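K.L.:
This is what each chain is made of:
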Amino acid sequence: SQELEQSPQSLIVQEGKNLTINCTSSKTLYGLYWYKQKYGEGLIFLMMLQKGGEEKSHEKITAKLDEKKQQSSLHITASQPSHAGIYLCGARRQDKLSFGAGTTVTVRA
Amino acid sequence: DTGVSQDPRHKITKRGQNVTFRCDPISEHNRLYWYRQTLGQGPEFLTYFQNEAQLEKSRLLSDRFSAERPKGSFSTLEIQRTEQGDSAMYLCASSPGSGNGYTFGSGTRLTVV
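Protein chains in written order, with the numbering used here: chain X, 1 to 109; chain P, 1001 to 1113.
Worth double-checking, as some hints may not be accurate.
To be verified - Derived PhoX-like pairs (lysine-lysine); straight-line CA-CA distance at most 25 Å:
| hint | chain 1 | residue 1 | chain 2 | residue 2 |
| --- | --- | --- | --- | --- |
| 1 | P | K1011 | X | K38 |
| 2 | X | K27 | P | K1057 |
| 3 | X | K36 | P | K1011 |
Said to hold, decoys possible - The calculated label-pair distances, taken between Cβ atoms and stated as ranges, are:
| hint | chain 1 | residue 1 | chain 2 | residue 2 | range |
| --- | --- | --- | --- | --- | --- |
| 4 | X | I12 | P | T1002 | 31 to 41 Å |
| 5 | X | S82 | P | D1063 | 42 to 52 Å |
| 6 | X | K60 | P | G1085 | 31 to 41 Å |
| 7 | X | K56 | P | Q1041 | 18 to 28 Å |
| 8 | X | K68 | P | T1002 | 39 to 49 Å |
| 9 | X | K56 | P | N1051 | 28 to 38 Å |
| 10 | P | P1070 | X | Q14 | 49 to 59 Å |
| 11 | P | Q1080 | X | Q14 | 46 to 56 Å |
| 12 | X | I12 | P | N1051 | 42 to 52 Å |
Keep in mind the hints are simulated off the structure, nothing from the lab.
Owing to the predicted nature of the structure, the values given are computational and were not obtained by experimental measurement.
All C-beta atoms in this analysis are idealised placements derived from N, C-alpha and C, irrespective of residue type, glycine included.
Okay, chain X solo, but in the shape it has when bound (with noise of 0.2 Å):
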């Protein structure tokens, strides 16, 4: 089994809804991060979470770390087209990321 597990594992949104996705980890979270990835593209970098309680914000996209659950949630407020994507978290493990199986958002007109 994956160290971290997403879940959903897709979604469909209707334009101008909120969606929310989870990321559970199988160890201690010392660093979250989550990107996201246009199908057949590279990583694009959302946001960084480090500390226990920690919540970022960019833009319509809110994260979340609740570290005593070894969790990490992304909340997208309205959803728009250009949300659509592969949205992947990752932890940090000794210098390097390991990265959940990522989540497929489709935003519907």
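With the hints as your guide, set chain P onto chain X.
P.N.:
Chain P only, in chain X's frame:
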């Protein structure tokens, strides 16, 4: 600073051929990482360098794979005697140091036919 560059973007090769990919990191980043990503999965760690030293290699990196970073700047990843199972996206990332963020390139998509 133009980010992390990877070349080529796409490579189609016949089974049994050798292929080499190049990665140019952000110039001031001393760490360079290689990952492999297959469809529907997250990137899997292959190896990483600090300057010219290769510090860690994953068990995924079979003896057909070799990576170098001769002058501590760009890196190459070579796959010898390619197999169909090598078909994947190969991603390169660089970092200025531990926990300070990882910037990814656009990847090289390899198709072995």
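K.L.:
For this structure, which hints from the list above don't hold up?
P.N.:
none
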